[in-house]
Amino acid sequence: MATTIKLGKNTTVSGLTGVVDSSITVEVEKVDATTRGSTGLYKRIVAGLQSRTLEVTVLGDYSHEWGALKFVTVNVSGVAQLTMTGVVTNVKRSEPIGDKVSSTLTIKPGEPVENADKISV
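Quick note on the numbering used here: the sequence shown kicks off at 13 and runs consecutively.
I should point out that these hints are in silico values taken from the structure, not numbers from a laboratory.
A hint or two may mislead.
Straight line, CA to CA, 25 Å or less: simulated DMTMM-like cross-link-like pairs of lysine to aspartate or glutamate [to be verified]:
hint	residue 1	residue 2
1	LYS104	ASP33
2	LYS112	GLU39
3	LYS18	GLU39
4	LYS120	GLU67
5	LYS104	GLU67
6	LYS112	ASP44
7	LYS18	GLU41
8	LYS112	GLU41
9	LYS120	ASP33
10	LYS42	GLU107
11	LYS104	GLU39
12	LYS18	ASP44
13	LYS120	ASP44
14	LYS112	ASP33
15	LYS18	ASP33
16	LYS18	GLU67
Restraint ranges, calculated between C-beta atoms of paired labels, are given here [to be verified]:
hint	residue 1	residue 2	range
17	THR29	GLU107	17 to 25 Å
18	LEU61	THR116	54 to 62 Å
19	GLU107	ILE57	43 to 51 Å
20	ALA59	THR29	20 to 28 Å
21	THR15	VAL113	24 to 32 Å
22	VAL40	ASN102	20 to 28 Å
Idealized CB from N, CA, C, for every residue including glycine.
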């Protein structure tokens, strides 16, 4: 099950400049965490695992660099539950519309990995 929340162009995302559009997709996956007890009886547990993906369109050419910062702190104004430290997992650059280049960043919750191939934001 997935839900996409359109945050719109008036949303402020700290750590990024020139945000013109943003949306977040929340997915919940059912996980079977069934365990076997010491008496041989099984205890069935079904849990929900949530994943979030923030997609942000920004003005500017965000380049892919080795050794630069890869993560941003995403603080969506007015929506506290969407605040997260996120890792930029994908950058899609668009050709200029008029004279403006835009990039779409895909951000997932997580911490930076040291010495990884990183994206400058």
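List, from low to high, the hint numbers that the structure doesn't satisfy. 2, 6, 8, 10, 12, 18 and 20
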